Structure formats: structure tokens, C-alpha cells
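Colleague: Note that the protein sequences, when read in sequence, are chains L and R.
Taking the working numbering, the leading residue of the first sequence gets 1, the next gets one more, and so forth.
Taking the working numbering, the leading residue of the second sequence gets 1, the next gets one more, and so forth.
None of these hints come from the bench; they were simulated from the model.
Note that the coordinates shown come from a computational prediction; the quantities given were computed from them, not determined experimentally.
Keep in mind that the hints are not guaranteed to be accurate.
Because identical chains share one entry, a pair is satisfied inside a single copy or across any pair of copies.
What the hints assert, rightly or not - With a cut-off of at most 30 angstroms between alpha-carbon atoms, the simulated DSS-like pairs for lysine-lysine come out as follows:
{"hint": "1", "residue 1": "K79", "residue 2": "K205"}
{"hint": "2", "residue 1": "K249", "residue 2": "K297"}
{"hint": "3", "residue 1": "K86", "residue 2": "K188"}
{"hint": "4", "residue 1": "K275", "residue 2": "K260"}
{"hint": "5", "residue 1": "K188", "residue 2": "K294"}
{"hint": "6", "residue 1": "K188", "residue 2": "K79"}
{"hint": "7", "residue 1": "K297", "residue 2": "K188"}
{"hint": "8", "residue 1": "K275", "residue 2": "K188"}
{"hint": "9", "residue 1": "K249", "residue 2": "K142"}
{"hint": "10", "residue 1": "K275", "residue 2": "K66"}
2 protein chains.
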Amino acid sequence: MGKLVIVGSVAFDEVETLFGKSGVILGGAGTYIGLAAHHFEVDSSIVSVVGGDFPEEYLKVFSDRKINTDGLKIEKEGKTFFWRGKYHDDLIGRDTLETQLNVMENFQPQVPPTYKDAEVVMLGNLHPSVQLSVLEQMQNPKLVVLDTMNFWMDQNMNELKEVISQIDVITINDEEARQLSGEHSLVKANRVIQEMGPKTVVIKKGEHGALLFQEDQMFFAPALPMEEVFDPTGAGDTFAGGFTGYLAKTNDYSFKSMKKAIIYASNLASFCVEKFGPERLLELSPEEVTNRLKIFKSLTQFNIDLA
Amino acid sequence: MGKLVIVGSVAFDEVETLFGKSGVILGGAGTYIGLAAHHFEVDSSIVSVVGGDFPEEYLKVFSDRKINTDGLKIEKEGKTFFWRGKYHDDLIGRDTLETQLNVMENFQPQVPPTYKDAEVVMLGNLHPSVQLSVLEQMQNPKLVVLDTMNFWMDQNMNELKEVISQIDVITINDEEARQLSGEHSLVKANRVIQEMGPKTVVIKKGEHGALLFQEDQMFFAPALPMEEVFDPTGAGDTFAGGFTGYLAKTNDYSFKSMKKAIIYASNLASFCVEKFGPERLLELSPEEVTNRLKIFKSLTQFNIDLA
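Just chain L, same shape as in the assembly (with noise of 0.2 angstroms):
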């Protein structure tokens, strides 16, 4: 059992999709990474910064956890990172109507003493100098994995590609693994962006599930096909969770291993889709985790015999 870090924002997001309105809830990629990683019972700690205005059941969420918020920051005077945004009828599409950086304007990320020696970093979706710097307070992580997306491409592909150089796995969608390697092909863009760093490159193409590239090894988990996505808001974090919680808990970072991660992450994110916000996964138990690895396993798994 390793140690996980996870930086990314913990937030306020408003969604809305056409069955509804979310209210102001609990939201930013921090809190469905951990919420994810939660279920391998791993040690992480979540690095990121609320306002005052944070409450303290939301902490409650985390504390309940068992996950570590000594590196998360609480600036009494500020507010928190506040997102809102509206999906369209295919739940896939959406527009962002507000966000409020607030807090998360100048934040200066402190991992906690106890944390610096983990084996397993996630960086998830933040400035890439915010990423950088939390590399550069760890001792000697053996898999980083960075999400990121277009959005720091457009402003800060430097800083970008200089965190790209430095980590082990970059999990990134269909659209941004296009625009960040100039390549239409995802074998083609993986390949390039290999070359970039990263000797493991996740795509996750949503509703069409995730590609797994290892050197020259190929590897797909698929979504599973679900009756109604409510709100996929997080299925993104919610995957990278998922994956690196798996391998924080295995401590094994074989291509054999992040397969199986990539299925975990896919089968946690299934859940997440399934209510507004990180509402699924707080009350989701090991059993339904399981029960749906099964269909996971009866959904892809065949027998054909070959010399």
C-alpha cells in the first residue's frame, strides 16, 4: 500500500442538464479524484485550497474519508473556486456560465511533510505551474500521472510541456490528445506525445471508453453503455481516482497492472455519471463497486482460442 497525493481543486460547481438544476454543490477535480482513490483505501492526501466560505460538512466529506487535508489550505478571507455551467441534451457538450477563481487565483500549493515521500502523485487538471511545483516538493514519487486540458494548452503550453517532460502517465481526452500532439490518429497522437515524457498515455474518449498506450502495448477499457448519464460532471477525475488510487494500493506500475486500473477507473466513473455531482460516489458501497466490475468483466472478456 502506497501513499497517494492529489492535487486539484476542491470547488463549488451549479450545474445544470435537462433533468434539472444541481444547486450549489460540492465540486472540483480534488474531491473526485479522492473521492475515487477513497474506494482502495488508500493514504492520500488531497492538496488544494477553499475559502471560508468552504463548510464544514464538505470537510466532513473528506475527514470521514480517512483522507488527509493537512494540504488543503483554508483561506478564511477568501471564497472558493466556483464553476457553473450548463450541459447540452447529449450530456456531453456543456458552457461554462461562470467561474470564479477566487481562492484558487494564487494558490501556492503545500504538500503536507508527511506526504513528500509518497510513492503515487496525481496532478490533476490545474496550472501547470501549480502541477510543477508540487513535483518539485516531492521526494522521489515513483508514477506521477498528470490530467490537464485544452484550456492550459491554448494560455501555457510551455509550462505544459515542461510538466509533460516530467511524469510517468498523462491521462488526457480524444480532443486534447489531438491538439496537444497536431495528430488526428489517437495511435499516431499517442506516439507524439509520448515522445513528449509520459512512456504511458491515457485517452479517455467518455462514452466511448479509454485507450491505454504503453511504449508499444495497447490496451482498451470501454464505458459502459449506461441508461441515462444525469451528469457526467467529474467522470473525468473520477477515472483518474480510480486509476492512480489502484496503483497507489498495488504499488505495482506494470502495464499489466494499469490495465486493470484503467477498468477500475472506468467502472468508478460509470458511477459517477449517474447523479449530480459526487453524489453517487459518497454513498456507493463495495458491493455495487463489485457487481458492476462483473458486468465490466462479462462485457469484454471472450474465449477464442488461437495458435
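Given chain L, put chain R in place with the hints provided.
Modeller: Relative to chain L, chain R alone:
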């Protein structure tokens, strides 16, 4: 080993992609289905019609592979069905530039007497009344598979629904499944379509793979992530031919067998898109097929032990 009756166009195609122009080449759903099914060495017969302009060398494509053409009518005075299209740069969207129905306009399919007892029937994408006429000629098929497209939903929905009520398996792409069912979720779409007749629904998602639904069971076959898609023409028909070819070979129409069938189908379709038209299928060796099946296996198979 069962017999397979294939109904589908045998045609001339002219394709343009960002990689170039094909010139006039052999095409048509029946052609691709036949070539794909051939890989299972089944006893198959193509029911179709061509004009007097259809060259001897194209007929030889079938006879060389022992694909029966007693039901391939040659209308000496007529011209062969012709389709010309141009693909968008994403190699997914396409515009039809020209369609000449020619001899296909009044096609009256005739199943050869020695194939009326075939176990498996593949009704390729054609006018629903043509598909119905073939079904009426069959004695007691064990498995009837139907492919169709949005065009017939727009033009001949009532006749299409009549055919759909008489078949065992429908293969259809995701957008068509949504149109036919009125449901966005493919899980729900499948359920609506099952209620129309077929116990088994195969939803083709192009580069995103294919879903197999049978009653309450679900299976997913990914498409092979490709370096380059050169020309997607015929990939769906190749898929249908691989699917029915495998099932006709094994005479096993169980869900377990169909899972294998869509893996074989996806595997063959992945070759089809590598060159213009059926070129790649024509030169394909059994070794290549097996080697790529190994890639499919490693792409999807994992080992998670669940209690």
C-alpha cells in the same frame, strides 16, 4: 457448416478521400459481405443484380473464392448500380456525389433453389421490399440478420418495420438506432428495437466499436485503434459478413457464439478500411487475420478476480 445466403448490392463505387481518388472500383454491400464471409469458408451465395457492363474479372472475384453466383443476375441491357462519394477529412462523414440505381431499381431477387434451405440469411442494406421478398423464398432459416440504414427509415418505415418484425438480428449504426427507436441512450434504443422483433441488436459505432445486445445480455467489441483510416467504405458490410460468416460456419447462434462473431467481424472490418474499396480484403491472408485477432485479444482481455 451451414449455408449462407447474402442479399446486397454488387456495384461500382468511386471514392474520394484526403488520400486520393479510387477511380471506378468494385463495391456494394453484397460484395463486402461475401468477401468477409469467405474467410470462414462457408458455402455462401450472393443474390444480387449487375448490368452487362460488369466485367468478367469482377465475376472472377467471386468464382475464385467459390462464392456461388447463381442468384447474381446479369441484365445484359442494363448498367450496374453506381455510387460516387467523397469523405470528409475526418474519414467519418461523407457526401454522396452521385447515385445511379440502374439495374438495382427494379431488382427482383431470386434465391437459387439449392440455397433456399440455407441456415443463415444476411439481408444487406437494400429496399425493405427486396429484403422481404428474399425472406419469403427461404424455407426455414435458423438465423436472419438484417442491415439497413436511415434512408429506408425516412422513405419506407412501414415496410422496414415489417421486415424487422421477422428477423433475428439487426445490425445498425448508432445514429440509425437512435432514429429507429427515438431513444438517445443506446441501451434504451436497443430495448425499443428488440420489441420490434429481433432478439439480438448489434449497434455499430464505427471507430468506437460495436455493441451486442441479446435480451438482457450485453457485450462490446472495440474497433481496432488505427494508425490511419484510408477508406471506410464497406467496413459496416464487412462487419456484417464477418458476423454471419462466423455464425454460418459454427451453426451456433448462442450469445457466447455471437460475442466471438462480433470480434471476428470487427477484426475483418479493421482490414477493410486500410485501402480503397475491397482491395485489402482481396489480398488478406489467414495469417494476417489470426495475427490481428491476437491484437484484439490483448486489447481487451484482462484478469481481475472477483468473488
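Colleague: Which numbered hints does this structure break?
Modeller: 1 and 6
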